[in-house]
Every structure is written in C-alpha cells, then in structure tokens.
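Asks: Kindly produce the complete structure, drawing on both the sequences and the hints.
The opening position of the sequence shown corresponds to residue 37 in my numbering, with each subsequent residue numbered one higher.
None of these hints come from the bench; they were simulated from the model. Any given hint might turn out to be false.
As the list claims (entries may be wrong) - Taking lysine-lysine pairs in the PhoX-like style, the calculated list, with each CA pair at most 20 Å apart, reads: (1) LYS209 / LYS156; (2) LYS164 / LYS209; (3) LYS216 / LYS205; (4) LYS177 / LYS156; (5) LYS164 / LYS177.
To be verified - For each label pair, taking beta carbons as the anchor points, the in silico distance ranges come out as: (6) ASN137 / LYS75: 15 to 23 Å; (7) ALA195 / ASP231: 27 to 35 Å; (8) SER100 / GLU144: 19 to 27 Å.
Glycine included, C-beta positions come from ideal geometry on N, C-alpha and C.
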Amino acid sequence: MNGGDYMAFDTFDEGISLGGIRSKTEIRILICYLFTSVKQPMSKETVIDALLQKGLTNYFEASSCFDDLVKSGNLCPLADNPRLFEATANGKMISQQLENNLALTVRERAYECALALLEKERVERENKVIIEKTENGYTVKCTISGGDMELMSVSMHLADAEQARTVKKNFYKNPQLIYKVLLATMTRNKGLIVDTLEDLEGLS
Numbered sequence: 037m038n039g040g041d042y043m044a045f046d047t048f049d050e051g052i053s054l055g056g057i058r059s060k061t062e063i064r065i066l067i068c069y070l071f072t073s074v075k076q077p078m079s080k081e082t083v084i085d086a087l088l089q090k091g092l093t094n095y096f097e098a099s100s101c102f103d104d105l106v107k108s109g110n111l112c113p114l115a116d117n118p119r120l121f122e123a124t125a126n127g128k129m130i131s132q133q134l135e136n137n138l139a140l141t142v143r144e145r146a147y148e149c150a151l152a153l154l155e156k157e158r159v160e161r162e163n164k165v166i167i168e169k170t171e172n173g174y175t176v177k178c179t180i181s182g183g184d185m186e187l188m189s190v191s192m193h194l195a196d197a198e199q200a201r202t203v204k205k206n207f208y209k210n211p212q213l214i215y216k217v218l219l220a221t222m223t224r225n226k227g228l229i230v231d232t233l234e235d236l237e238g239l240s
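Replies: Shown next as structure tokens:
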C-alpha cells in the first residue's frame, strides 16, 4: 500500500453516506481490518456488501480497493476455494498498524455487517430452499439440516412467484424457529408450544 494517498479524498462520493470513507487508502485499511477481525475467510462479495450496506463506500471503490489488495499481496485466495480470501501477513500488519486511523464507528459498522452476512451465508448453506414452477403455480421445498443430518423437509404449493419468494425470504430469516414451530405443533408438547409462542411474539 502506498501511504501517499492516505486521508486524500480520492474516491467518488456516489453511494457514500455521512461518515463514510472518501480515501482509497482508508478503504484498503478497513478491508484488511475486516479480515483480521472476523478471523475467517470471506468472499469479495461479502466484504463489498458489508461496506455497501452501511454506506461506508460505493461498489466501484470497494471493488477496486479489494482488487488492489489482492494484486499487492495483502489478500490471497484459498488454495481449495479460490472464491474465498484471507489476509496475508502483510495484510494483517496493515490492520494492526493502521486500524486506529479509522473512526471507531466505521470499524464497528463494517464488522457488525460482515458478521451478519457471514451468518446469513451459513444459514443458506446449511438450509435449502428450492422453488419449482408448476402448471398451477409454484412448489417450494424447505429443508432444515442439523450438522450432517436432515432434520425436516416440507413442501408447499403457492399460487405465484411473489408468495414463493416471500416464503423463501422468511424461511432463511429463522429456519430453526420454523422447525421449532412445526415440532411443537406435531408433538403437542405444551412446554415447547409456550416457548415457541414467546419466540413468535418477539418477531418484528
């Protein structure tokens, strides 16, 4: 990384919210910080989404700075999964030496969003939703897994694509709660039903 452009407002402002980053060097530092803080490999898409969702930068700048870090050897793809990246020793050094140059609120916003996105990816990886178009509408199959074992699989018929997408979206929000609701209903376990109703009351 070149220190000469540090703190220079050398990015396009479009898509950047108040308190966002307007220096390419700061964006690179923040990306390195995310990798060292999260402590697990991430895809380029996850990192960029973490920055975009909080309005810390825009897509063009985030993508460009990510590519710069890869080219300069601060980030490297995993040998067994090139879609995922991790910080190299140089990338970790950048984070350790320069992360305090970033505002604490910026670091916290990016970190929280990255964790949320990684959790979303985990949920979608471990629990599947398949939408199939039929003559009379759509069939949605939802599968919940527990480690290596399939805990539940349920299929339902829906009238249109919008309903199918809504079911998929809500399923991914909390598949374990859906499993708990069905289990409580099917087993008529009163204690579990009470717990489930309390969980449902907490839904936004």
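Asks: Check each numbered hint from earlier against the structure, then list the numbers of those it violates in ascending order.
Replies: none
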